[in-house]
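Visitor: Letter by letter, the chains look like this.
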Amino acid sequence: SQQGEEDPQALSIQEGENATMNCSYKTSINNLQWYRQNSGRGLVHLILIRSNEREKHSGRLRVTLDTSKKSSSLLITASRAADTASYFCATDRTGNQFYFGTGTSLTVIP
Amino acid sequence: DAGVIQSPRHEVTEMGQEVTLRCKPISGHNSLFWYRQTMMRGLELLIYFNNNVPIDDSGMPEDRFSAKMPNASFSTLKIQPSEPRDSAVYFCASSLSWAYNEQFFGPGTRLTVL
Numbered sequence: 013s014q015q016g017e018e019d020p021q022a023l024s025i026q027e028g029e030n031a032t033m034n035c036s037y038k039t040s041i042n043n044l045q046w047y048r049q050n051s052g053r054g055l056v057h058l059i060l061i062r063s064n065e066r067e068k069h070s071g072r073l074r075v076t077l078d079t080s081k082k083s084s085s086l087l088i089t090a091s092r093a094a095d096t097a098s099y100f101c102a103t104d105r106t107g108n109q110f111y112f113g114t115g116t117s118l119t120v121i122p
Numbered sequence: 290d291a292g293v294i295q296s297p298r299h300e301v302t303e304m305g306q307e308v309t310l311r312c313k314p315i316s317g318h319n320s321l322f323w324y325r326q327t328m329m330r331g332l333e334l335l336i337y338f339n340n341n342v343p344i345d346d347s348g349m350p351e352d353r354f355s356a357k358m359p360n361a362s363f364s365t366l367k368i369q370p371s372e373p374r375d376s377a378v379y380f381c382a383s384s385l386s387w388a389y390n391e392q393f394f395g396p397g398t399r400l401t402v403l
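If you're matching them up, the sequences are chains A and B in order. With the first sequence counted from 1, adding 12 to any position gets you our numbering. With the second sequence counted from 1, adding 289 to any position gets you our numbering.
Think of the hints as simulated: they come from the structure by calculation, not from any bench. The model shown is predicted, which means the values in this text are computed figures rather than measured ones. For every residue, glycine included, the Cβ atom is placed at its ideal position computed from N, Cα and C. Hints may contain errors.
According to the in silico footprint, chain A covers these stretches of chain B (three or more CB under 8 angstroms from chain A) [stated by the list, open to error]: (1) 301-311; (2) 395-402.
Ranges of calculated distance between the beta carbons of each label pair, as one might list FRET restraints [stated by the list, open to error]: (3) B/L385 <-> A/T76: 32 to 40 angstroms; (4) A/A90 <-> B/E307: 27 to 35 angstroms; (5) B/E372 <-> A/D19: 39 to 47 angstroms; (6) A/S70 <-> B/L403: 39 to 47 angstroms; (7) B/M328 <-> A/T32: 21 to 29 angstroms; (8) B/E303 <-> A/H69: 45 to 53 angstroms; (9) B/E351 <-> A/A90: 23 to 31 angstroms; (10) A/N42 <-> B/Q306: 13 to 21 angstroms; (11) A/A90 <-> B/H299: 35 to 43 angstroms; (12) A/H69 <-> B/L385: 18 to 26 angstroms; (13) B/R399 <-> A/A94: 18 to 26 angstroms.
Input sequences plus hints: build the corresponding full structure.
Guide: Okay, here's the thing in structure tokens:
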């Protein structure tokens with residue numbers, strides 16, 4: 013069964029704006045990962061945050077994790093048209109078996 | 290490194306036919322995963338292997354689905370007989386080790402069962 017649920021399902025913004033998407037999950041986790049999927053392609057790993065971490069940065073990406081609320085957010089700053097893709101969170105309980113959410117479809121308008 | 294390789298990229302078959310999807314993981318990766326993606330159900334984990342051994346196949350929908358990993362560099366997912374509801378994109382992914390590692394996805398196989 014899926015654990016992560018992303019919100020919103022779809023997001024449309026202008027180039028240069030920030031994009032924020034959220035992920036909620038149901039049970040305790042070891043790690044949470046964010047992936048990107050461009051149309052017609054496989055998923056690409058973006059960032060991993062462990063359950064004992066609260067925030068992590070990678071380039072224009074910022075991920076937060078609130079284990080008390082069982083939620084995570086992915087912030088993409090200064091968005092670009094190339095950021096247009098679907099974004100998935102993946103949660104794990106066992107360390108290697110990740111459950112993916114249904115994704116947020118992000119459109120960045122040039 | 291060529292990344293995870295899947296074949297074929299597209300498969301169109303008729304209901305009742307056998308379908309075999311193939312995957313070559315990244316060299317040195319010990320874990321391999323098969324996923325199915327549809328609009329309705331999203332991305333579902335079907336089965337995963339660690340060191341060529343199936344660890345959890347609870348996501349395999351029916352007995353019509355079977356997966357093998359005869360060696361560290363090759364895995365197959367077979368559907369026999371195929372049904373229209375099996376139409377989906379099937380992804381293979383591999384990761385470096387058992388725990389806490391990112392997964393590298395292949396480009397997927399788009400299966401259409403008529």
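Visitor: Each hint needs a verdict: does it hold in this structure or not?
Guide: Cross-check of the supplied hints:
1. 301-311: violated (count 0)
2. 395-402: holds (count 3)
3. B/L385 <-> A/T76: 32 to 40 angstroms: Since the Cβ atoms of B/L385 and A/T76 sit about 26 angstroms apart, the hinted range of 32 to 40 angstroms is violated.
4. A/A90 <-> B/E307: 27 to 35 angstroms: At 50 angstroms between Cβs, range violated.
5. B/E372 <-> A/D19: 39 to 47 angstroms: Given a distance of about 33 angstroms, which is not inside 39 to 47 angstroms, the answer is violated.
6. A/S70 <-> B/L403: 39 to 47 angstroms: Holds, since A/S70 and B/L403 (Cβ atoms, about 43 angstroms apart) stay within the stated range.
7. B/M328 <-> A/T32: 21 to 29 angstroms: Holds - the Cβ-Cβ distance for B/M328 and A/T32, about 24 angstroms, lies within 21 to 29 angstroms.
8. B/E303 <-> A/H69: 45 to 53 angstroms: 50 angstroms, holds
9. B/E351 <-> A/A90: 23 to 31 angstroms: 47 angstroms, violated
10. A/N42 <-> B/Q306: 13 to 21 angstroms: 41 angstroms, violated
11. A/A90 <-> B/H299: 35 to 43 angstroms: Roughly 36 angstroms apart at Cβ, these two residues keep to the hinted range, so it holds.
12. A/H69 <-> B/L385: 18 to 26 angstroms: 23 angstroms, holds
13. B/R399 <-> A/A94: 18 to 26 angstroms: 23 angstroms, holds
Against the hints set out earlier in the document, violations occur for numbers 1, 3, 4, 5, 9, 10.
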